[in-house]
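*Asks:* In case you want the letters, here they are:
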Amino acid sequence: MPDFQPKIVAFVCNWCTYAGADLTGTSRMKYSPQVSIIRFPCTGRIDFMLLLKAFASGADGIIVSGCHPNDCHYSSGNFHARRRWIIFRGLLDFLGIDVRRVQFSWVSAAEGAKWAQLVNETSERIRELGPFAGYQRLRGLGVG
Amino acid sequence: MARIGVFICHCGENISATVDVKQVAAAAARIPGVAHSVEYKYMCSDPGQQLVKDAIREKGLTGVVVAACSPRMHEPTFRRACAETGLNPFLCEMANIREHCSWVHEKGDATTEKAIDIVRTLVAKVKKNKALQPIQVPVTKVALVIGGGIAGIQASLDIANAGHRVILVEREPSIGGHMSQLSETFPTLDCSQCILTPRMVEVAQHPNITLYSYAELESLDGFIGNFKARIRRKARSLDETLCTGCGLCTQKCPTRKIPGEFDAGLGLRPAIYVPFPQAVPNKPVIDREHCTYYRTGKCRLCEKICPTQAIRFDQLDEIVEVEVGAVVVATGFDIKHGDFFPEYGYGKYPDVIDGLQFERLASASGPTLGEIRRPSDGKVPETVVFVACAGSRDPAKGIEYCSKICCMYTAKHAMLYRHKVHGGKPYVFYMDIRAGGKMYEEFVRRAMEEDGVQYVRGRISRVFERDGKLVVKGADTLLGARPMEIEADLVVLATAAVAQPGAEELAQKLHVSYDAHRFFSEAHPKLRPVETNTAGIFLAGACQAPKDIPESVAQASGAAAKVAALFSRSELVREPLIAVVDRQPPPVYSSCVGCFLCQSACPYQAIEKEEIRGRDGQLIKTVARVNPGLCQGCGTCVAFCRTKSIDIQGFSHEQVHAEVLALLNRGERDA
Amino acid sequence: MNALREKARELLATKTVQVVIGYAPGSGGAARALFVREAAQAGELVFDETCLQNLAAYLMKPEVRRLGRAALVARPATLRTILQLAAENQLAESSLLALVPGADGVLSLSTFSAIEAHVAAQDNDLSAAEKSELEKFAAMGLDERREFWQEQFSRCLKCYACRAACPLCYCTRCTVECNQPQWIPVPAHDLGNLEWNVMRAMHLAGRCTNCGDCSRACPVGIPLYLLNQKLCSDVLSSFNQRSGMAARADHSLSTFKPDDPEDFIR
Chain A
284 MPDFQPKIVA
294 FVCNWCTYAG
304 ADLTGTSRMK
314 YSPQVSIIRF
324 PCTGRIDFML
334 LLKAFASGAD
344 GIIVSGCHPN
354 DCHYSSGNFH
364 ARRRWIIFRG
374 LLDFLGIDVR
384 RVQFSWVSAA
394 EGAKWAQLVN
404 ETSERIRELG
414 PFAGYQRLRG
424 LGVG
Chain B
397 MARIGVFICH
407 CGENISATVD
417 VKQVAAAAAR
427 IPGVAHSVEY
437 KYMCSDPGQQ
447 LVKDAIREKG
457 LTGVVVAACS
467 PRMHEPTFRR
477 ACAETGLNPF
487 LCEMANIREH
497 CSWVHEKGDA
507 TTEKAIDIVR
517 TLVAKVKKNK
527 ALQPIQVPVT
537 KVALVIGGGI
547 AGIQASLDIA
557 NAGHRVILVE
567 REPSIGGHMS
577 QLSETFPTLD
587 CSQCILTPRM
597 VEVAQHPNIT
607 LYSYAELESL
617 DGFIGNFKAR
627 IRRKARSLDE
637 TLCTGCGLCT
647 QKCPTRKIPG
657 EFDAGLGLRP
667 AIYVPFPQAV
677 PNKPVIDREH
687 CTYYRTGKCR
697 LCEKICPTQA
707 IRFDQLDEIV
717 EVEVGAVVVA
727 TGFDIKHGDF
737 FPEYGYGKYP
747 DVIDGLQFER
757 LASASGPTLG
767 EIRRPSDGKV
777 PETVVFVACA
787 GSRDPAKGIE
797 YCSKICCMYT
807 AKHAMLYRHK
817 VHGGKPYVFY
827 MDIRAGGKMY
837 EEFVRRAMEE
847 DGVQYVRGRI
857 SRVFERDGKL
867 VVKGADTLLG
877 ARPMEIEADL
887 VVLATAAVAQ
897 PGAEELAQKL
907 HVSYDAHRFF
917 SEAHPKLRPV
927 ETNTAGIFLA
937 GACQAPKDIP
947 ESVAQASGAA
957 AKVAALFSRS
967 ELVREPLIAV
977 VDRQPPPVYS
987 SCVGCFLCQS
997 ACPYQAIEKE
1007 EIRGRDGQLI
1017 KTVARVNPGL
1027 CQGCGTCVAF
1037 CRTKSIDIQG
1047 FSHEQVHAEV
1057 LALLNRGERD
1067 A
Chain C
14 MNALREKARE
24 LLATKTVQVV
34 IGYAPGSGGA
44 ARALFVREAA
54 QAGELVFDET
64 CLQNLAAYLM
74 KPEVRRLGRA
84 ALVARPATLR
94 TILQLAAENQ
104 LAESSLLALV
114 PGADGVLSLS
124 TFSAIEAHVA
134 AQDNDLSAAE
144 KSELEKFAAM
154 GLDERREFWQ
164 EQFSRCLKCY
174 ACRAACPLCY
184 CTRCTVECNQ
194 PQWIPVPAHD
204 LGNLEWNVMR
214 AMHLAGRCTN
224 CGDCSRACPV
234 GIPLYLLNQK
244 LCSDVLSSFN
254 QRSGMAARAD
264 HSLSTFKPDD
274 PEDFIR
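Residue numbers (the working numbering), protein chains in the order written: chain A, 284 to 427; chain B, 397 to 1067; chain C, 14 to 279.
Keep in mind that the hints were calculated from the coordinates and are not lab data.
Do not rely on the hints blindly, as some may be mistaken.
[Said to hold, decoys possible] Only pairs whose alpha carbons sit at most 27 Å apart, straight line, appear in this in silico DSSO-like list of lysine-lysine:
| id | chain 1 | residue 1 | chain 2 | residue 2 |
| --- | --- | --- | --- | --- |
| 1 | B | K744 | B | K834 |
| 2 | B | K922 | A | K397 |
| 3 | B | K653 | B | K537 |
| 4 | B | K732 | B | K694 |
| 5 | B | K1005 | C | K171 |
| 6 | B | K732 | B | K648 |
| 7 | B | K526 | B | K503 |
| 8 | B | K694 | B | K648 |
| 9 | A | K313 | B | K437 |
| 10 | B | K694 | B | K630 |
| 11 | C | K270 | A | K397 |
| 12 | B | K905 | C | K171 |
| 13 | B | K455 | B | K418 |
| 14 | B | K922 | B | K800 |
| 15 | B | K1005 | C | K74 |
| 16 | B | K793 | A | K313 |
| 17 | A | K313 | B | K418 |
| 18 | B | K869 | B | K732 |
| 19 | C | K74 | B | K1017 |
| 20 | B | K793 | C | K171 |
| 21 | B | K865 | B | K744 |
| 22 | B | K537 | B | K905 |
| 23 | B | K744 | B | K775 |
| 24 | B | K816 | B | K775 |
| 25 | A | K397 | B | K1005 |
| 26 | B | K922 | B | K834 |
| 27 | C | K149 | C | K74 |
| 28 | B | K537 | B | K503 |
| 29 | C | K270 | B | K922 |
Bound-form chain A, shown alone:
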């Protein structure tokens, strides 16, 4: 599927990854435009329901990213998020949902290059996996 342009939503925290992505911009590093960012105060705020909503609304892939362990602006929001992701990821896999479509990462405010690389690699992987047709077929009636 050479022409397939995946839709990827990035859920990021304000203090590290959002700022890191700003740095990617100020450094003029290029990455795939298929990824759009939604800003949260902290990864601790990111509700797993939002990830489900993103898939339901047609996302082919999701990035969730925040501060590295011990760097959280709120000291432990990312640690709580990490536990939630461990469980959520296990559940998705158990239900037959391909967890390669959800990329978790830590990107600090200094890691502009890492952000570009993460986005590009994730876009490439999602492109290879193709549209998330299996999930989107579920959409049926009354999405959202």
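Fit chains B and C to the known structure of chain A by using the hints.
*Replies:* Just chains B and C, lined up with the frame of chain A:
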């Protein structure tokens, strides 16, 4: 009906070079609810901001999206502009089409499409934004300072001089801390007591400072601006209001052979004692553990001779409750003692001593009145070996960090020794010399070059006794690890600076975090070095990490400035981007079911229990409440709550949900 | 059984409790819940292998709470549920006692610490059969698992019987009932069914005590226990925590360790 204005910035060509801004403006105009959509070359310029302000007034906008740079850059700018027109600033959002779009993608349709996606997402968000008011928290303008060493003294004086009341709590019978024990201070060699004691007296006499010495914090509840502290005033066994500090009791006390804490165990004190002559307050305390009366039930000599009948053998500890608005923690440090260094014979040979003990030997007020005489036989030592990094920077001993003060005080010790014992031979064993600081390197140089202190780079392996001498075995690593053996009369170990015993317990009382070595953690290692993660609690001095006097004083003044800033208004104003637990009319009251699983998720102890009671006082339910003074707005509790009873203002369920849907539903109609 | 009846009679006669919640024979060979409020009625109580329901669910009902102090006939999972509810601030120690029928009579546990001691001594692991079923799932291909659950969830009616049966689904407002925003679509279609079941499993992660009542309640026979057992097993293997072990315990998903596993995070 929403009337949203969208303002698209070219940012010169920073955006317009890769994004077709006209197309973005046209697409934005088609989004339902958008009443106005324009593009402009520099939206952040004065004319650009005017464009926004005019449109708000003329078009009656209910929300604003500025599609430009990162909100981290100009969100405050545009929110201020909105506020100037009377539009609530929290109804303005930034769509980041520069850092997250025009700068990171090539020119083309996909880039313009993404810019439109971002604008649509933020329009969807802003439609769900609510006008928010800054949060105001009343502030009790009284500060609690814990610890009366130099850091606590400095913080207390600074806050008191700013016109605010201070309650200073000191665990020992006198304030002064470690600094009062020091002989002279580096790099100026001025006498420690000469510069410290006037400050101590100032504390005692300051009308704004209440001093509770021989007292400890029992508990602390509440939150920034509104703490309640319980302080345990330990029984001194005398009525302080009657005692004149004449000192008769301490002179007549028959129990006189107790190793004195102030002299680091090198001098003796009686059972009723004042730690040192310049103590503040200058009132004695009975050491009940050693006092003959408490041990045998007989004596009471001090009671008999006291001219003011101030002795109270039956005195009990007293709990004092105070309300304070801020807390400065300045509990200082300790040094490693005891059997931590069996290889150096510390604790086994009386002439292997630590740095604080050497300070007392060198001090004019010390047990030898400033003459350097070794503890075992009072002989003036002809050769002294000083060992830096005794424990510090030694992962095998569990202390990886540098204690920071030892290089300097060891140079000072060697120098003082040479000044006092002219023919003496001082050796310093060191790993590296860390003399960063104003006039510090020069000071160490002076020790080496002018005072003839022999510096040997290497660790010592062992100290043992041979023919009345202490044999120090080591190696000089700068001379090919040549083994060295020095016969010394006195060995001084610069033992590692460590956290105070009880630091962990205090941290738990205060709800502040601490590191692996039990030093208290600052809120941010670079940018918030005097704050803790608990709003309203600040750090000063070596309780946060080993520090010298100038650093402790600087941090104390920093903490005092933070407290003074907090006390500059009677109400604390905070951004309202905080979590809130819903409240509803009866019979529901709140959808919260009171499981309180959110409580352990909150990094700030901001979630409280609130009892909802009926008119008859009957408990209806217990639900969560977010304390707006403590919440910092991370939203961890929000994602956690199963009943969606907690929401966070500015990143609410409705806002982020609308964003996700809008971002992905290109071309579909927004709700 | 006689010991249980005798104990119930005594508790009611002495007014130690106002109600004994136990089992009575129900229809179709299954047991049903029985609320015994008079000592004379205690003879109707039974206890055998058909008595599977987790009666702790009733402790959360206001109607039952109004009856007064309750004695609850408790199976192993019921005891864990009581402790979990206590850890979630939902039960007062004085409001209940647990009756555990055993080979030699009936054990009466009147304090949380007594229940904790009893729970600590029992086997709280997944059974060998349960573990092997999870292993079988782990060995399946991703598509196979997806097809399995898609077929299962396609039968879901969104009747919420699972929720009604679950003693830990005591929320007075469930996420599924939130409509601002509407987190989960109301109709019973594939997407909504998946979201509902994922949401419920996530909300039970680290809390579920594996009583199995959700699966027994499901009118279309969806094996919901599998989801919960999977999460119980993940919580144990990742965080070394179990739910329902203590009346004062930190919830595994609202606590953390700095060195929690993160091999999946870039």
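*Asks:* Hint by hint, say whether it matches the structure.
*Replies:* Results for each hint:
Taken as a hint, the K744 of chain B and K834 of chain B pair is broken in the structure, with Cα atoms around 38 Å apart against an allowance of 27 Å. This hinted pair checks out: K922 of chain B and K397 of chain A have alpha carbons roughly 23 Å apart, not beyond 27 Å. With a C-alpha separation of about 46 Å, the suggested pair K653 of chain B and K537 of chain B falls outside the 27 Å cut-off, and the hint is violated. A distance of roughly 37 Å separates the Cα atoms of K732 of chain B and K694 of chain B; the hinted pair therefore is violated under the 27 Å criterion.
Under the criterion of a C-alpha separation no larger than 27 Å, the hint pairing K1005 of chain B with K171 of chain C is inconsistent with the structure, at around 34 Å. A hinted pair counts as satisfied when its Cα atoms are at most 27 Å apart, and K732 of chain B with K648 of chain B does not qualify at roughly 34 Å. For the hint pairing K526 of chain B with K503 of chain B, the CA-to-CA distance comes to about 36 Å; that exceeds 27 Å, so the pair is violated. The hinted pair formed by K694 of chain B and K648 of chain B meets the criterion: a straight-line CA distance of about 15 Å does not exceed 27 Å.
Our distance criterion of 27 Å between C-alpha atoms is met by K313 of chain A and K437 of chain B, whose separation comes to about 24 Å. With a CA separation close to 23 Å, the supplied pair K694 of chain B and K630 of chain B stays within the 27 Å bound. With a C-alpha separation of about 26 Å, the suggested pair K270 of chain C and K397 of chain A falls inside the 27 Å cut-off, and the hint holds. Proximity of K905 of chain B to K171 of chain C is assessed by CA-CA distance (about 48 Å); at most 27 Å being required, the pair is judged violated.
For a cut-off of 27 Å, the pair hint linking K455 of chain B to K418 of chain B stands: about 20 Å separates their Cα positions. Distance check on the hinted pair: K922 of chain B and K800 of chain B sit about 18 Å apart at the alpha-carbon level, within 27 Å; holds. With a CA separation close to 22 Å, the supplied pair K1005 of chain B and K74 of chain C stays within the 27 Å bound. For the proposed pair K793 of chain B and K313 of chain A, the alpha carbon gap of about 49 Å is over 27 Å, so the pair is violated.
For the suggested pair K313 of chain A and K418 of chain B, the alpha carbons sit about 23 Å apart, so the restraint of at most 27 Å is met. Annotation: proposed proximity of K869 of chain B to K732 of chain B holds, straight-line Cα distance about 22 Å (limit 27 Å). In summary, the hint linking K74 of chain C to K1017 of chain B is supported, as the alpha carbons are separated by about 14 Å, within the 27 Å threshold. About 62 Å separates the Cα atoms of K793 of chain B and K171 of chain C, which puts this hinted pair outside 27 Å; it is violated.
Of the pairs offered as hints, the one joining K865 of chain B and K744 of chain B holds, with about 14 Å between alpha carbons and a cut-off of 27 Å not exceeded. With a C-alpha separation of about 21 Å, the suggested pair K537 of chain B and K905 of chain B falls inside the 27 Å cut-off, and the hint holds. Distance check on the hinted pair: K744 of chain B and K775 of chain B sit about 18 Å apart at the alpha-carbon level, within 27 Å; holds. At roughly 13 Å between alpha-carbon atoms, K816 of chain B and K775 of chain B fall within 27 Å of each other, so this suggested pair holds.
Distance check on the hinted pair: K397 of chain A and K1005 of chain B sit about 42 Å apart at the alpha-carbon level, beyond 27 Å; violated. For the given pair, K922 of chain B sits about 21 Å from K834 of chain B by alpha-carbon distance, which is consistent with the 27 Å threshold. Distance restraint check for K149 of chain C and K74 of chain C: the Cα-Cα separation of roughly 38 Å exceeds the 27 Å cut-off, and the hinted pair is therefore not satisfied. With a C-alpha separation of about 57 Å, the suggested pair K537 of chain B and K503 of chain B falls outside the 27 Å cut-off, and the hint is violated.
A threshold of 27 Å between alpha carbons decides the hint, and for K270 of chain C with K922 of chain B the separation of about 25 Å falls inside it, so the pair holds.
Hint compliance for this structure: hints 1, 3, 4, 5, 6, 7, 12, 16, 20, 25, 27, 28 are broken, all remaining hints hold.
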